[in-house]
Structures are given as C-alpha cells and as structure tokens.
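Visitor: Take a look at the letters that make up each chain.
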Amino acid sequence: MQVKSVQTKRFSRLNDPSLSIRDAAFSWQGGFGIEIAAFDLKARERVLLLGPSGGGKSTFLNLVAGITTPSRGRIDVLGTDIARLRGSRVDRFRADSFGIIFQMFNLMPWLSAIDNVLVPLRFSKPRRKQAGEARAEAARLLGALGIGMDLFGQPAGTLSVGQQQRVAAARALIGGPGIILADEPTSALDGRNARAFLDLLMAELETAGAALLMVSHDETLTDAFDRVVRLDDIAHVSGRPGGSAAA
Amino acid sequence: MSLFRLALLSLWNRRLTAILTILGIALSVTLFLSVEKLRNGARESFANTISGTDLIVGARAGDVQLLLYSVFRIGDATNNITWESYQEIAERDEVDWIVPISLGDSHRGYRVVGTTSGFFDHYRYRRDTSLRFEAGTTLDDLFDTVVGADVAAALGYSVGDSIIVSHGTGRGSGSEHDDKPFRVTGILAKTGTPVDRAVYVGLEAIEAIHVDWQGGGRVEGLRIPAERVRNMNLTPKTVTAALVGLKSRITTFRFQRFVNEYEAEPMTAILPGVALSNLWSLVGVAERALSAVSLMVIVTALLGVVTTLLASLEERRREMAILRANGASPRTISVLLAAESGLIALAGAILGLAFLYVLLFTLQPVLDSRFGLYLKIDAPDLRDCAILGIIILAGIAAGLIPAWRAYRRSLADGMSIRS
Numbered sequence: 001m002q003v004k005s006v007q008t009k010r011f012s013r014l015n016d017p018s019l020s021i022r023d024a025a026f027s028w029q030g031g032f033g034i035e036i037a038a039f040d041l042k043a044r045e046r047v048l049l050l051g052p053s054g055g056g057k058s059t060f061l062n063l064v065a066g067i068t069t070p071s072r073g074r075i076d077v078l079g080t081d082i083a084r085l086r087g088s089r090v091d092r093f094r095a096d097s098f099g100i101i102f103q104m105f106n107l108m109p110w111l112s113a114i115d116n117v118l119v120p121l122r123f124s125k126p127r128r129k130q131a132g133e134a135r136a137e138a139a140r141l142l143g144a145l146g147i148g149m150d151l152f153g154q155p156a157g158t159l160s161v162g163q164q165q166r167v168a169a170a171r172a173l174i175g176g177p178g179i180i181l182a183d184e185p186t187s188a189l190d191g192r193n194a195r196a197f198l199d200l201l202m203a204e205l206e207t208a209g210a211a212l213l214m215v216s217h218d219e220t221l222t223d224a225f226d227r228v229v230r231l232d233d234i235a236h237v238s239g240r241p242g243g244s245a246a247a
Numbered sequence: 001m002s003l004f005r006l007a008l009l010s011l012w013n014r015r016l017t018a019i020l021t022i023l024g025i026a027l028s029v030t031l032f033l034s035v036e037k038l039r040n041g042a043r044e045s046f047a048n049t050i051s052g053t054d055l056i057v058g059a060r061a062g063d064v065q066l067l068l069y070s071v072f073r074i075g076d077a078t079n080n081i082t083w084e085s086y087q088e089i090a091e092r093d094e095v096d097w098i099v100p101i102s103l104g105d106s107h108r109g110y111r112v113v114g115t116t117s118g119f120f121d122h123y124r125y126r127r128d129t130s131l132r133f134e135a136g137t138t139l140d141d142l143f144d145t146v147v148g149a150d151v152a153a154a155l156g157y158s159v160g161d162s163i164i165v166s167h168g169t170g171r172g173s174g175s176e177h178d179d180k181p182f183r184v185t186g187i188l189a190k191t192g193t194p195v196d197r198a199v200y201v202g203l204e205a206i207e208a209i210h211v212d213w214q215g216g217g218r219v220e221g222l223r224i225p226a227e228r229v230r231n232m233n234l235t236p237k238t239v240t241a242a243l244v245g246l247k248s249r250i251t252t253f254r255f256q257r258f259v260n261e262y263e264a265e266p267m268t269a270i271l272p273g274v275a276l277s278n279l280w281s282l283v284g285v286a287e288r289a290l291s292a293v294s295l296m297v298i299v300t301a302l303l304g305v306v307t308t309l310l311a312s313l314e315e316r317r318r319e320m321a322i323l324r325a326n327g328a329s330p331r332t333i334s335v336l337l338a339a340e341s342g343l344i345a346l347a348g349a350i351l352g353l354a355f356l357y358v359l360l361f362t363l364q365p366v367l368d369s370r371f372g373l374y375l376k377i378d379a380p381d382l383r384d385c386a387i388l389g390i391i392i393l394a395g396i397a398a399g400l401i402p403a404w405r406a407y408r409r410s411l412a413d414g415m416s417i418r419s
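First to last, the protein sequences are chains A and B.
Under our numbering, the first residue of the first sequence carries the number 1, and numbering increases by one thereafter.
Under our numbering, the first residue of the second sequence carries the number 1, and numbering increases by one thereafter.
Isolated chain A, as found in the complex:
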C-alpha cells in the first residue's frame, strides 16, 4: 500500500523511517541473546513480524520500545537513537512515540474503559496536545473501534477480552504516536474477533497516520499487512529467552 498524503501536523520528519535498526545486539545473563542485523519500518508502514512462540519476539519489541537497552548497535526511532537515551528520557520518549498493545491484560481492570484510554496522555505532553479535547477524542476512538457508549464508564475488568483489546487499541492510538507496537494482540481472540479487531485497528491507523509493528506467530493474518518479516530472516537468536520472563 502506498503512503497517503500528509494529514497529521505532528511529524516534521515524515520522510524519515519510523524505525531503523542497525547491527543491534542484546543478551541476557542466562545465555539467551539476540542479534539484529538490520530492520526498517517506514512511516505509516504496517509490518507483521512472524516468529515462533518464545523466539525472541518480545525481546525484539522491548529493544524497540527502549525497555531493554542493547549492548551495541543503533535503534533509531523517529530519528532518535533510543539506545542512547538515558534514564527518564527514554520513558518520556516512549510515551511520546509509541502506542503499545499487549497480548492481554492491557488494562487496569478497576479503571473505566475511557480512563484507561486516557492513561498515556498523563505521561506525554505532545500526545496530550495532539489529542486536544482528551475525553472527546477518547470517546471518538472507542466509538470508532466499536465500543458502545454505554461501556465507556464501565470498569475495564468487566469487559470481554475482545472489547478489552479494542480499548487497548484506542489507548495506543490516542494522541497520535508515530508507531504502534502490538505484541500478539489477537492471540486471545478467536479467528472472527481477531479479524474484526485488525480491521478496526487498520482503519484507525489510516486516520492517525501511524506505523504499525505487530509481532505474532499467526500466519493467517498476513494479508492485512504491507509487509511480512520473519524474525529468523532479520535476527539471530541464541539460547532460550528464559531470563526474559514472566512466563
């Protein structure tokens, strides 16, 4: 798919690639390591990163999001080498640049759907500015993603898994971050719901003008993306990601 005309005001470096990784490496003490020779994500591009479970996909995302710091190499996000940001600057940068959707348990169950959507704005001034009238924008996004108005005030914990993923998508999109990172966001959904979720997400991405990097092991989703990349082709993974976690 082609890059559409410029709609958003925010990105002055629109022609920069959203994400560019060069010769980055990271290793856990347990022996697990990942080396990424090169990876690019163009502005507004939608890329599906395929890889088997436990194959280092999450580590890849952690590197991209600046949660894990690489031992060498460059990871340029919207023109900034995230590997070189220190301390709270990386947190602020993450808040400004990324919308993140997890596999599940995205939301604070005791917070209402709409309040969950508003959380990133608390930590990012540019996104707060971009969102304008925050509650109205959150409501618009929720509506666009198929959440009924009657559910806005409901504690997120009472929503179905599918609804929760859509609320998470709205949260990722609010305030127009440049890149949406999604970590197997559909794996908890059945085929039909997974497809519906993706369709809604893609439509909103269009409006927001954001790039999408989604990791998954589900090969049936490939047709919704501009490009499909296999982790094996861009990265060398050694050992098992035992240290990474939280099984």
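Since the hints were derived computationally from the structure, they do not count as laboratory data.
Note that the coordinates shown come from a computational prediction; the quantities given were computed from them, not determined experimentally.
Just so you know, not all the hints are guaranteed correct.
Part of the chain B face toward chain A, derived, beta carbon under 8 Å [as the list claims (entries may be wrong)]: (1) Ser-34; (2) Ile-322; (3) Ala-328.
Sample of chain A residues with no beta-carbon within 12 Å of chain B, all distances over it, derived [unchecked claim]: (4) Arg-72; (5) Arg-74; (6) Thr-80; (7) Gly-87; (8) Arg-140; (9) Glu-206.
Here a beta-carbon is modelled for each residue, glycine too, at the ideal position from N, C-alpha and C.
Based on these hints, arrange chain B on the given structure of chain A.
Guide: For chain B alone, coordinates are given in the frame of chain A:
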C-alpha cells in the same frame, strides 16, 4: 486523569487489603502507645504514692527501709522514736504539721496504723489529692477506726461494724485485743496507694489496747476493761515514724540535718520523693520490660507494613508494567508506591492514635478505681510523636523496597508480562 487520582483509584481497588493493612498498623500503634501510657502511668502512680509530705522521720534506718515500713507498710521498724523526740520535732518552728504513725498491730492481715485525724487531712497522693471518705467520718472516739478501701472491700465492712485488732503483724498471731473492739466510723475512698490496705486507729487507742500488755502478751491476771481505760493517761511512750510538713520548702535540708544529727537518739529523716525514686530504681525492671515489649510491638508493626506492601506489589505487577509501557518513569512509579505506603502508614498512625484515646476515655475510670492506676489523658508527647513519625517514614521506606523491585523488574519483564 491526575497521577494522584490514578493512585487513589488503584488504592480503592485494593481497599480490603489496604484497610486491613491500615488496621494492622493502627492496632500496633495503639498497642505501643498504650504500653507507653501504662508504663508512664505506673511510674507516675508510684512516684505519687505520697506527696505533700516534706519529710518522713523515723528511727535510724536506710531511706528505702524507712519508706517501706512507714508508707508501704512492708517490713517492720527495727526501732521506734521516743515521744519526747517526737514532741521536740513537732515543736520546731519550721514544722507546719506533723502526723505520727504507730505500727505493730494488724487486723486480719492488714496493718493497723495508729495515727491522728491529721493523717486524713495532710496525707496527699497523686500530686495534691487529699484522702476522701467514701462513707462515714474521721476518728473521734477512742475506739473509732477508719479502714482503707481495699480492707473494706475485701472484708465487706461498712460504717458501724465492729472489728478486733490482733497483736503483732503476723497473720493469725493468736493474740487478739478482743476485749477492746473498735467501731468502723469511716471508709476511705480508693487511692491506689498502700493507704487502701490499712486500718487506722487513734494513737491513744494503740496505748489503750496495750495498757494491760507487756512485751508480746497479756499480763497475767490484769484485765483493764475498755471503759476504765478511757480515764487513764494514754500518752504514748513511742511512735514508729512521723510524716512532717514544713512551712517552707527551703528549710527542708536544714531540718533534715537537724533530725539526722539529733543528739538524744539516732533518727533519720528522708525526703519521700528521693526515697521513692531510689525504690523505683529497684522495682523499675518491670518498666524496662514494658519498654522492650513496646519496642518489639513497633518492630513487628513495621515488618507487617513492609510485608503487606511487598505482597500488594505482586498484585500490582501488571499495573506497574502497564504504566511503564505507557511512559511512566521508574521515578514516577517509586513515588506512587512510596506515597501510597506512606499514606497507609499515616492513616494507620492517625487511626491508632484515635483508638488510643477512645480506649483511654473508656478505661481510665476503670483503671483508676480498680487498680489505682491513674492514666493522664493528654496530647501525645514528643516521644510518641517521634515514634509516629518513624512509623510513617518506615512506611515510605517500606514502599521504596517494592518500588526498587518494581523498577528492576519492569526493566526485566517490561511490557511482556503475561501473567
């Protein structure tokens, strides 16, 4: 959505755990402060066993010993002082009032104190509290007696009852002054001091019941009826001790020296306050034990705070990961956790303080009347405040431990948390 509101909502979501934690801290705080109150109360009550008396005079003895037999009625005097010496002391210019105490007899295990009605006027306890009659009045007739509150309660006496005094202080000594019974004319109100555990008769009455006695027993064949005794000279030959009030405190030491250096017979004058604190240093082990207990209570409370907060962190792992992924810095998360635990500790401290005062207001009268333990209800002192401050600081510090762990872990498992 402010961070503060987010924190409050999160806390509200975990309200049961939070309330239990607050309650736990509150109870520990209450326990600690109550133990402190009891400790201070016990010391104060003890130190205030006798007040208003400037000096206690007796035969030469150690000050604790003199205090023990003259005030606490524990042990016996090795010697008495002569009536002449007593008179000479009583007539000194410095003396405002003097109350004799004559010991040696008992009534069913309680000491009998021969004294004058001046005792009821001048004896003070708990700073400046006078003795009060629960029922009846003071000594008037020769064979009148006033009993202490514990005696009346234990033996079920009321005004008008007739009692018999036994010779000697041992229980069941066998020799009864049964020919000269006393009539209870007054019952003293509870004081929580040894005053409650004695029977008071006139100084002359002590003479009267002993006119036909010599040494430890009745003189054979001599029986002087109670009515005839009334006409005899009942001036005592000796007294055991005397409580002395001076006109001016300034003269206390000079007067004490006068007594201690008295030529005619060896005597000792003690300052009750000094002797009491000497005695307390002997029995104060209990106080230190209480101190140790309250320290342990506080340590337990603090451990409890840390444990609960660490446990609640496990509950909040996902929340932390979400916040981190959405751009919250480790510092923000630390502040959130520390503020929350600090708030919990603060709430616990305030609630504990409230519990303490509720407890004090309910129990104070009971403790006073039942145990003679008077607890002052006043604002928390500096020490209490310091301890409360430490608890709150410890709460904040306790929050920093999970904060540090959250920081480490959110770097480790970051957004990929799956549980």
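Visitor: Looking back at the numbered hints, which does the structure fail to meet, lowest number first?
Guide: Hint check: 1 and 7 fail, others pass.
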